[in-house]
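Novice: Next come the chains, spelled out residue by residue.
There are 2 protein chains.
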Amino acid sequence: MKQSHLFTKTRFEAPKDEVSKNAELLIRAGFIHKDMAGVYSYLPLGLRVMNKLSGIIREEMYALGANEVSLAALQNKELWEKTGRWSDDVVDNWFKTEFKNGSEAGLGFSHEEPLTNLLKDHIRSYKDLPVSVFQIQTKFRNEVRAKSGILRGREFLMKDLYSFARDQKEHDEFYEKAKEAYVKIYNRAGIGEKTHLTFASGGVFSKYSHEFQTETEAGEDTIHFDAKKNIAINKEVFTDDVLESLGVDKKNLVEKKAIEVGNIFTLGTRFSEPLGLTYTDEKGEVHPMIMGCYGIGVGRLMGTIVEVLGEEDAMVWPDEVSPFKVHLISIANGDADVEKDAKEAYEKLKQAGIEVLFDDRELRAGEKFADADLIGIPHRIVMSKKTREAGTVEYQDRKKKETKNIGIDEVIETLA
Amino acid sequence: MKQSHLFTKTRFEAPKDEVSKNAELLIRAGFIHKDMAGVYSYLPLGLRVMNKLSGIIREEMYALGANEVSLAALQNKELWEKTGRWSDDVVDNWFKTEFKNGSEAGLGFSHEEPLTNLLKDHIRSYKDLPVSVFQIQTKFRNEVRAKSGILRGREFLMKDLYSFARDQKEHDEFYEKAKEAYVKIYNRAGIGEKTHLTFASGGVFSKYSHEFQTETEAGEDTIHFDAKKNIAINKEVFTDDVLESLGVDKKNLVEKKAIEVGNIFTLGTRFSEPLGLTYTDEKGEVHPMIMGCYGIGVGRLMGTIVEVLGEEDAMVWPDEVSPFKVHLISIANGDADVEKDAKEAYEKLKQAGIEVLFDDRELRAGEKFADADLIGIPHRIVMSKKTREAGTVEYQDRKKKETKNIGIDEVIETLA
Chain A
1 MKQSHLFTKT
11 RFEAPKDEVS
21 KNAELLIRAG
31 FIHKDMAGVY
41 SYLPLGLRVM
51 NKLSGIIREE
61 MYALGANEVS
71 LAALQNKELW
81 EKTGRWSDDV
91 VDNWFKTEFK
101 NGSEAGLGFS
111 HEEPLTNLLK
121 DHIRSYKDLP
131 VSVFQIQTKF
141 RNEVRAKSGI
151 LRGREFLMKD
161 LYSFARDQKE
171 HDEFYEKAKE
181 AYVKIYNRAG
191 IGEKTHLTFA
201 SGGVFSKYSH
211 EFQTETEAGE
221 DTIHFDAKKN
231 IAINKEVFTD
241 DVLESLGVDK
251 KNLVEKKAIE
261 VGNIFTLGTR
271 FSEPLGLTYT
281 DEKGEVHPMI
291 MGCYGIGVGR
301 LMGTIVEVLG
311 EEDAMVWPDE
321 VSPFKVHLIS
331 IANGDADVEK
341 DAKEAYEKLK
351 QAGIEVLFDD
361 RELRAGEKFA
371 DADLIGIPHR
381 IVMSKKTREA
391 GTVEYQDRKK
401 KETKNIGIDE
411 VIETLA
Chain B
1 MKQSHLFTKT
11 RFEAPKDEVS
21 KNAELLIRAG
31 FIHKDMAGVY
41 SYLPLGLRVM
51 NKLSGIIREE
61 MYALGANEVS
71 LAALQNKELW
81 EKTGRWSDDV
91 VDNWFKTEFK
101 NGSEAGLGFS
111 HEEPLTNLLK
121 DHIRSYKDLP
131 VSVFQIQTKF
141 RNEVRAKSGI
151 LRGREFLMKD
161 LYSFARDQKE
171 HDEFYEKAKE
181 AYVKIYNRAG
191 IGEKTHLTFA
201 SGGVFSKYSH
211 EFQTETEAGE
221 DTIHFDAKKN
231 IAINKEVFTD
241 DVLESLGVDK
251 KNLVEKKAIE
261 VGNIFTLGTR
271 FSEPLGLTYT
281 DEKGEVHPMI
291 MGCYGIGVGR
301 LMGTIVEVLG
311 EEDAMVWPDE
321 VSPFKVHLIS
331 IANGDADVEK
341 DAKEAYEKLK
351 QAGIEVLFDD
361 RELRAGEKFA
371 DADLIGIPHR
381 IVMSKKTREA
391 GTVEYQDRKK
401 KETKNIGIDE
411 VIETLA
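Top line first, the protein sequences correspond to chains A and B.
Just so we're aligned: 260 in this note's numbering is position 260 of the first sequence, and the numbers increase by one with no gaps anywhere.
Just so we're aligned: 33 in this note's numbering is position 33 of the second sequence, and the numbers increase by one with no gaps anywhere.
Treat the hints with care, since some could be wrong.
[Claimed, not checked] Result set (DSSO-like, lysine-lysine): computed pairs, CA atoms no more than 27 Å apart in a straight line:
#1 B:96 - A:350
#2 B:147 - A:100
#3 A:343 - A:325
#4 A:82 - B:177
#5 A:385 - B:177
#6 B:177 - B:147
#7 B:368 - A:120
#8 B:96 - A:100
#9 A:96 - B:77
#10 A:229 - A:179
#11 B:343 - A:127
#12 A:16 - B:9
#13 A:343 - B:177
#14 A:256 - A:147
#15 B:16 - A:77
#16 A:120 - B:385
#17 A:127 - A:96
[What the hints assert, rightly or not] Over 12 Å on every C-beta distance to chain A, these chain B residues come out as not near it, computed from the model:
#18 24
#19 38
#20 71
#21 76
#22 77
#23 90
#24 119
#25 205
#26 239
#27 295
#28 338
#29 405
In short, the hints are calculated from the structure, not lab data.
Every residue gets a Cβ at the ideal spot worked out from N, C-alpha and C, and that includes glycine.
Given these sequences and hints, build the entire structure.
Specialist: Shown next as structure tokens:
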């Protein structure tokens, strides 16, 4: 894409009421727009990052064998009354609205109820199980405070996966596979090393749930991390009993601030029972299905990457997540030959299937570099009169910081 | 994808309260689920169709040079008050909700206000114009009646494109290109021949707006179609004056029922003026931008295709829209050789990059064919003991109805 064609501009300052690092950097770089507290819109560069993250998540969900759906945001009160989750006294972050006939509807903060209900039309026999279903869809949560940028939005894109099994054993097998899929997702998203499997409070149907917590000062959670065992324990279940049951020695634990970038949970029959989602086994006996749920906030994941990797005036996106792979910067200063070369390089990169943002704007070099630092594309190619004379381009892998003067074909070979 | 792995099942009957042909067929085929009146969820096959349609639309929007964004559904009351569209007396299909602090928010039925406001942060000079921005995003409309299935949902996916120009001439040029893009979209979606450019009522800033109306008995609109001139006139502007201004002779007109599958509209300064979206021209003078809006409901488009092409118990999706290109049906009846051959053919098709749904289920042939007719994949390959003995497969292009017995490699060559 030509940068002259991108409508967004970078800016020196974020809105005054923005206090989170992630939103500040993303607004300044033109990735997102703040509509209201906790409500953000995604601009072209930001949308591309969201699509990259959604693409990674989708691939790992498909690898798990999950079916993809897209459920409605508007929620049927009746279903949520059956599970006891309609009341604002029980769920304190509902957004509710009304149909023209005066009846109430909710805006989904999660989708256990509608999906459980829907599956009744399709799954009845043990032969149909196990089944897993996911979506990447917009959730609404009426947060009292929303000061964490896209880490905690009132409206946000979420991947929610639900599993349905015959029995605990079948459930546990899927649960373990889902855990592995999550590890792959964070690795691919570039925050694998900082993200720890964390034991958190379970419920009626399991002693623990599992969270994936990413170390960063911006985190709202506190975890106790055991680097040797590579597991963490959420503060909420940090008791001597729990430490003992996990075989963890207190002296190996380090306290860290962290952001919950995913959580997985055994639901048991919490929803299948009240909503009547059952299957018939080999003997003709009827049982409620055993369910699990597995969430990742896509916006929160993007915000976490910024919290971990963002600097004062600069960002370097991980390769798989970056809005473009390469930033091609032409410093022509009116030199027609440099302009022509840069255009040719742009076409060559595109033909090689490399996603490239081409800064073809008539701006001073300093402005272009400041923009490029903020936008954070990990590979940079600079073409100028100087590089033209040398018959090379200036190439930088920004993660490594060193700069090479090599031929454009060599760069393409490295990147393709 | 293996059909044994798809969780949805076809069914004999749609819910009793469903009266529209599109929703009946799509529910029976397992493409969608009805959550409430006018509220539908998309199941794997239906989501694939929506993604195909979104893909076509996205390509044509990019070809127009438009930037893609994704704006928030939650709407800031202040902005809509500035344009006079907040009141329920002015806009009768708002869904409204409340933040925890008691302040109101709307759920976007359209996005002129937030986008116009957002552009103020990015576009200031004539050098930045023209600009066009689109999104494919969920809209909410609180319809009093919702009996048309996914033709008129209370929550639906919509492509909305907005253009911003310096002056009327620049606007008109883009408007004409957008018109052409729309024609391409309907052609690719397989309903081009039945879809007519239609003159409809304009507003303060233009005499007409333009609709794209698809002929079908399910249509809620009435158009007067001139086949020779290949234009239509919406009933709402069907006057002698209009006929004269368009040079249309009444006796060439045929009255038809039709569905509005798209509309394009000159907005002038209706939104840029109250919201203060201006640019500075070459002389340093400040002007409000000239805007246009261009909508296509993706769900409505899908529903229209079903209304036009759907039959009692069968559907044939257009090639570019179908959830899969090929339906491979194995009639093994326990024959291990046929099963093995079918699996090999499945792998071959996938390797050739052909999207294939592989009916590997242990069901009677009649059930498989009934399902395949409902699901509506346009190319069908049947493999059985009989075809195995002949060393061929049975291939049918369902649009043509004739069946050929040819080798699998030949089928792949035809389709790839």
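Novice: Run every hint past the structure and note whether it holds.
Specialist: Now for the hints, and whether the structure bears them out:
1. With a CA separation close to 45 Å, the supplied pair residue 96 (chain B) and residue 350 (chain A) exceeds the 27 Å bound.
2. For a cut-off of 27 Å, the pair hint linking residue 147 (chain B) to residue 100 (chain A) stands: about 14 Å separates their Cα positions.
3. A hinted pair counts as satisfied when its Cα atoms are at most 27 Å apart, and residue 343 (chain A) with residue 325 (chain A) qualifies at roughly 17 Å.
4. For the hint linking residue 82 (chain A) to residue 177 (chain B), the alpha-carbon distance of about 52 Å lies beyond 27 Å, and the restraint is violated.
5. For the hint pairing residue 385 (chain A) with residue 177 (chain B), the CA-to-CA distance comes to about 38 Å; that exceeds 27 Å, so the pair is violated.
6. Note on residue 177 (chain B) and residue 147 (chain B): the hinted pairing is violated, with a Cα-Cα distance of about 34 Å set against a maximum of 27 Å.
7. Annotation: proposed proximity of residue 368 (chain B) to residue 120 (chain A) holds, straight-line Cα distance about 22 Å (limit 27 Å).
8. The straight-line distance between the Cα atoms of residue 96 (chain B) and residue 100 (chain A) is roughly 11 Å, inside the 27 Å bound, and the hint therefore holds.
9. For the given pair, residue 96 (chain A) sits about 17 Å from residue 77 (chain B) by alpha-carbon distance, which is consistent with the 27 Å threshold.
10. With a CA separation close to 16 Å, the supplied pair residue 229 (chain A) and residue 179 (chain A) stays within the 27 Å bound.
11. Taking the CA atoms of residue 343 (chain B) and residue 127 (chain A), the gap is about 21 Å. The hint holds against a cut of 27 Å.
12. Our distance criterion of 27 Å between C-alpha atoms is broken by residue 16 (chain A) and residue 9 (chain B), whose separation comes to about 53 Å.
13. For a cut-off of 27 Å, the pair hint linking residue 343 (chain A) to residue 177 (chain B) stands: about 26 Å separates their Cα positions.
14. With a C-alpha separation of about 21 Å, the suggested pair residue 256 (chain A) and residue 147 (chain A) falls inside the 27 Å cut-off, and the hint holds.
15. Taken as a hint, the residue 16 (chain B) and residue 77 (chain A) pair is honoured in the structure, with Cα atoms around 20 Å apart against an allowance of 27 Å.
16. Under the criterion of a C-alpha separation no larger than 27 Å, the hint pairing residue 120 (chain A) with residue 385 (chain B) is inconsistent with the structure, at around 36 Å.
17. A threshold of 27 Å between alpha carbons decides the hint, and for residue 127 (chain A) with residue 96 (chain A) the separation of about 38 Å lies outside it, so the pair is violated.
18. Every CB of chain A is more than 12 Å from the CB of residue 24 (chain B) (nearest about 14 Å), matching its label as outside the interface.
19. At the 12 Å boundary, the C-beta of residue 38 (chain B) falls inside the reach of chain A, the nearest C-beta of that chain being 9 Å off.
20. Distance check for residue 71 (chain B) against chain A: the nearest CB is about 4 Å away, which does not clear 12 Å, and the non-interface claim fails.
21. With a least beta-carbon separation of about 5 Å from chain A, residue 76 (chain B) fails to lie farther than 12 Å from that chain, contradicting its non-interface assignment.
22. Look at residue 77 (chain B): its CB is around 9 Å from the nearest CB on chain A, not clear of 12 Å, so calling it non-interface is violated.
23. No Cβ of chain A approaches the Cβ of residue 90 (chain B) within 12 Å, the least distance being about 16 Å, so the stated non-interface status holds.
24. Residue 119 (chain B), annotated as away from the interface, has a beta carbon of chain A within 12 Å; the closest lies near 7 Å.
25. At the 12 Å boundary, the C-beta of residue 205 (chain B) stays outside the reach of chain A, the nearest C-beta of that chain being 22 Å off.
26. Listed as outside the interface, residue 239 (chain B) is consistent with that label: its C-beta sits roughly 32 Å from the nearest C-beta of chain A, beyond the 12 Å cut-off.
27. At roughly 18 Å, the least C-beta separation between residue 295 (chain B) and chain A is larger than 12 Å, which holds for a residue marked as non-interface.
28. Taking the minimum C-beta to C-beta distance to chain A, about 21 Å, the non-interface status of residue 338 (chain B) holds against the 12 Å cut.
29. Residue-level check passed: residue 405 (chain B) sits 33 Å from the nearest beta carbon of chain A, beyond 12 Å.
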